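Colleague: Chain A is already provided as a structure; the job is to place chain B on it using the hints.
Those protein sequences? They're chains A and B, same order as listed. Residue numbers for the first sequence follow our numbering, so the first one is 1 and each next one is one higher. Residue numbers for the second sequence follow our numbering, so the first one is 1 and each next one is one higher.
Note that these hints are calculated values from the structure, not bench results. Just to be clear, a hint being listed does not mean it is correct.
Identical copies go unnamed one by one, so any copy, or any two together, can satisfy a pair.
The calculated lysine-lysine pairs, modelled on DSBU-like cross-linking and capped at a C-alpha distance of 30 Å, are [stated by the list, open to error]:
# : residue 1 : residue 2
1 : Lys294    : Lys419
2 : Lys155    : Lys456
3 : Lys255    : Lys303
4 : Lys137    : Lys179
5 : Lys179    : Lys255
As the structure is a prediction and not an experimental result, all values here were calculated from the model.
Number of protein chains: 2
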Amino acid sequence: MEDLDYIHFMQTKNIAIVGSGLVGSLLAIYLRARGHQVTVFDRRPDIRTVEFSGRSINLAMSVRGWNALDKVGIGDSIRELAIPMHKRTIHLVDQEPYNQPYGKEGEAIYSIPRGILNRKMIDLAEERGAIFKFNEKVWDINLPEAKIFTGETEKGEWQEYQYDLIFGCDGAFSRVRHKMQRRSRFDYSQHFLDTGYKELKIPANADGTHKIDKNSLHIWPRGEFMLIALPNLDGTFTCTLFMPHEGENSFENLKTDEEILAFWNTNFPSTKELMPTLLEDFNRNPTSALVTIKCYPWTYWNKVALIGDSAHAIVPFYGQGMNAGFEDIAVLDDIIERFNNEDWQTIFETFQESRKPNADAIAELSYRNFMEMSSKTADPNFILRKKIEKKITDKYPNKWVPLYSRVTFSHRPYAEALKMGEEQAAIMDEVLTMDNIEELWNSPEVEDFILTSLEKKELIPQKS
Amino acid sequence: MEDLDYIHFMQTKNIAIVGSGLVGSLLAIYLRARGHQVTVFDRRPDIRTVEFSGRSINLAMSVRGWNALDKVGIGDSIRELAIPMHKRTIHLVDQEPYNQPYGKEGEAIYSIPRGILNRKMIDLAEERGAIFKFNEKVWDINLPEAKIFTGETEKGEWQEYQYDLIFGCDGAFSRVRHKMQRRSRFDYSQHFLDTGYKELKIPANADGTHKIDKNSLHIWPRGEFMLIALPNLDGTFTCTLFMPHEGENSFENLKTDEEILAFWNTNFPSTKELMPTLLEDFNRNPTSALVTIKCYPWTYWNKVALIGDSAHAIVPFYGQGMNAGFEDIAVLDDIIERFNNEDWQTIFETFQESRKPNADAIAELSYRNFMEMSSKTADPNFILRKKIEKKITDKYPNKWVPLYSRVTFSHRPYAEALKMGEEQAAIMDEVLTMDNIEELWNSPEVEDFILTSLEKKELIPQKS
Numbered sequence: 001m002e003d004l005d006y007i008h009f010m011q012t013k014n015i016a017i018v019g020s021g022l023v024g025s026l027l028a029i030y031l032r033a034r035g036h037q038v039t040v041f042d043r044r045p046d047i048r049t050v051e052f053s054g055r056s057i058n059l060a061m062s063v064r065g066w067n068a069l070d071k072v073g074i075g076d077s078i079r080e081l082a083i084p085m086h087k088r089t090i091h092l093v094d095q096e097p098y099n100q101p102y103g104k105e106g107e108a109i110y111s112i113p114r115g116i117l118n119r120k121m122i123d124l125a126e127e128r129g130a131i132f133k134f135n136e137k138v139w140d141i142n143l144p145e146a147k148i149f150t151g152e153t154e155k156g157e158w159q160e161y162q163y164d165l166i167f168g169c170d171g172a173f174s175r176v177r178h179k180m181q182r183r184s185r186f187d188y189s190q191h192f193l194d195t196g197y198k199e200l201k202i203p204a205n206a207d208g209t210h211k212i213d214k215n216s217l218h219i220w221p222r223g224e225f226m227l228i229a230l231p232n233l234d235g236t237f238t239c240t241l242f243m244p245h246e247g248e249n250s251f252e253n254l255k256t257d258e259e260i261l262a263f264w265n266t267n268f269p270s271t272k273e274l275m276p277t278l279l280e281d282f283n284r285n286p287t288s289a290l291v292t293i294k295c296y297p298w299t300y301w302n303k304v305a306l307i308g309d310s311a312h313a314i315v316p317f318y319g320q321g322m323n324a325g326f327e328d329i330a331v332l333d334d335i336i337e338r339f340n341n342e343d344w345q346t347i348f349e350t351f352q353e354s355r356k357p358n359a360d361a362i363a364e365l366s367y368r369n370f371m372e373m374s375s376k377t378a379d380p381n382f383i384l385r386k387k388i389e390k391k392i393t394d395k396y397p398n399k400w401v402p403l404y405s406r407v408t409f410s411h412r413p414y415a416e417a418l419k420m421g422e423e424q425a426a427i428m429d430e431v432l433t434m435d436n437i438e439e440l441w442n443s444p445e446v447e448d449f450i451l452t453s454l455e456k457k458e459l460i461p462q463k464s
Numbered sequence: 001m002e003d004l005d006y007i008h009f010m011q012t013k014n015i016a017i018v019g020s021g022l023v024g025s026l027l028a029i030y031l032r033a034r035g036h037q038v039t040v041f042d043r044r045p046d047i048r049t050v051e052f053s054g055r056s057i058n059l060a061m062s063v064r065g066w067n068a069l070d071k072v073g074i075g076d077s078i079r080e081l082a083i084p085m086h087k088r089t090i091h092l093v094d095q096e097p098y099n100q101p102y103g104k105e106g107e108a109i110y111s112i113p114r115g116i117l118n119r120k121m122i123d124l125a126e127e128r129g130a131i132f133k134f135n136e137k138v139w140d141i142n143l144p145e146a147k148i149f150t151g152e153t154e155k156g157e158w159q160e161y162q163y164d165l166i167f168g169c170d171g172a173f174s175r176v177r178h179k180m181q182r183r184s185r186f187d188y189s190q191h192f193l194d195t196g197y198k199e200l201k202i203p204a205n206a207d208g209t210h211k212i213d214k215n216s217l218h219i220w221p222r223g224e225f226m227l228i229a230l231p232n233l234d235g236t237f238t239c240t241l242f243m244p245h246e247g248e249n250s251f252e253n254l255k256t257d258e259e260i261l262a263f264w265n266t267n268f269p270s271t272k273e274l275m276p277t278l279l280e281d282f283n284r285n286p287t288s289a290l291v292t293i294k295c296y297p298w299t300y301w302n303k304v305a306l307i308g309d310s311a312h313a314i315v316p317f318y319g320q321g322m323n324a325g326f327e328d329i330a331v332l333d334d335i336i337e338r339f340n341n342e343d344w345q346t347i348f349e350t351f352q353e354s355r356k357p358n359a360d361a362i363a364e365l366s367y368r369n370f371m372e373m374s375s376k377t378a379d380p381n382f383i384l385r386k387k388i389e390k391k392i393t394d395k396y397p398n399k400w401v402p403l404y405s406r407v408t409f410s411h412r413p414y415a416e417a418l419k420m421g422e423e424q425a426a427i428m429d430e431v432l433t434m435d436n437i438e439e440l441w442n443s444p445e446v447e448d449f450i451l452t453s454l455e456k457k458e459l460i461p462q463k464s
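Same shape as in the complex, but just chain A (with noise of 0.2 Å):
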């Protein structure tokens, strides 16, 4: 009793987190399944006690993410607050749409409300003992000896709390992060698109149900700029405008009403009756920008570490800034429990080493696939591709798995599967200038040329 008394002493941590966003909730959850003192600091108010921002794209879960909640034991509780799409549904200008299913049968990737879930997961973490202090401002902390200092003011009187561990989950503006930042040899990188969005939304009908198919992400992709659709259990869609901030299609451009409505009747007039608050929400709502930001180290000492978005903010083109977070956790909980949830110095040097080229991958696919959404999906030669890429996934899945596939519905490293994605894409440009391929896209020669590339390249199969 007394050796298990002692370990119990070693092993329980006194635990500060920054911030109440989804990635600091599902850490307060996972510290607290491992024994851990957890309290959660926040600038903001309760979540649950005000109204959400209209700055906010819905997230769409993948397998990632739904890992990392089943692992503590929170996916169903989640999963009645999302909706299933298993499928992109494109609107093109004067064109029927049409769909591009997501992955094989079955497969989805799940919208939810940012506020929602959010709401929910402090829920969670609340009754499971994590303590949250909401409004008040983390202004300064000491590295060394893991203390925060929050007040009302940055120039005012401050209190100083004294912890064993702070994680800094305070999103891609990090506080804790910009601490670590006037270090020496801290790498850092913000980089901005020239691409912003706005939030609009699709209302529900009057009898709650939605206006177009709830089962879709649906796009209306126009090149530079497009506007996209994810559903709401309420009937609603929440709709986020890409465009560039400056030039001829901009949000700089579309300054007056009559700007804005000219803009939507040559660009979206498909979607102009779905829309019936379009002015009132552009004009409401903020424009807001597009950042990747990347860091190294993400740890110091035995004492800080960052998480999610603090570490490596992402842009939103695959979907995957939470579930990547979500997916930080997950792989941090598996170290803890190697390391014996008690050497934090090995578990964050070993945390930060495997992470890093992981979360420096999906940066780079998730920039890739702007240009995927925009443009691609409207391109014939994007769509035969896609169509190729289709049958041989159906004929031989253990052959070929898609890069959507590998980035949304796997687990394995968002580093392997850029690498595979980017040998199978050279296999395609090859495929694409065969002669007389629209023709031949189906036919033997075809399935035998890609069969024999990837032996060549020996691209070991690989399971989802």
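Modeller: This is chain B only, laid out in the frame that chain A set:
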């Protein structure tokens, strides 16, 4: 007269410069010459009243730096402090040192100690009416209102100053940039090298003369690490050891006197007699980090601009950090003149757009030059390459300007030097694969091949 008064009133601005280093001092001199009121803030004490820090690398002033000094009429007073270095002297283990000239007859780079230069530049700026406020710490900037907040401590009482314009010349870890970085859509990156550096020294002979050739930049290249020495007017040399922070040969592994001496005996035996205070210097002087910093935009409205390291800190391997900062100022001054010393919005936009590609180019060239200095200077292939280049340059000085000369002995844009240098390197790569090139390097065939390649690539003759 009324008109003239009006113009004078419009043109004269009340300007704050943050940072009294080399770039801040030179900018003060330039802005005084344009008739502006100038106040320079520095958080540190007056460098004229304190000892130098023991963490500096001697400067190598080259054409870009001299041009900027001469344009404002202070070149001659600085030349008195400088020693010309016409060549590299390469010191290999167990071999006689040999020389590599930097350019043509009469071309040289000039060694100046940073501290001595900085003291002189502050004197010159004060003589011209710039006000210096030392020991005044800038904690915050209001960008749109061009306000500066200073005080003893970040949490204490602050003093507020209002200016028309603010220039951030506060170096790689700029407070002014830091404030701009918190805005949306500000691209930023800081990337540290695994290699660090430490200042060491070679004292003068008893009679005040130099112990080794004073008109050389001395290099002891050893692959992953190297020692360099630059002459000072007082007979001493300022030395810098560049070496990885961690690994087999690293600062981490040189902790005890025994480790340092054993390392020195193996790698730099010929310097032992030159450096009697090696152990003392090694233990006293800090090990410093090397960083490349990029950001954009560099300016905020018509109010704030970053100049020098605060906008583009680079690694020191091309000796261009100060030269690039001084050239910033000369370029800015041309633009100020073009827009009549008054349209600061246009001046700032023109400046950042024209200068950013050149800052990126010298960052890339400097990063690559570490390999050249530490490894290639000792490589027979590299020596052969330089020999062929020298022959072609001597014979066709307008057709083949070596990359080093384009950077060091020219005022053409850095971006052009990078591009031309890459084209020339591609030609030399081909030349070095020619059969029996060691014997034939001086043959008409090789010469013909190079001239034909230059014509094919349409490399325009370029004058330094």
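Colleague: Now look at each hint and say whether the structure bears it out.
Modeller: Results of checking the hints against the structure:
1. Lys294 to Lys419: both (19 Å within a copy, 28 Å between copies)
2. Lys155 to Lys456: Neither, since 64 Å and 65 Å both go past 30 Å.
3. Lys255 to Lys303: between (48 Å within a copy, 26 Å between copies)
4. Lys137 to Lys179: both (15 Å within a copy, 19 Å between copies)
5. Lys179 to Lys255: Intra 38 Å, inter 29 Å, cutoff 30 Å: inter-copy only.
Checked against the numbered hints above, the structure violates only hint 2.
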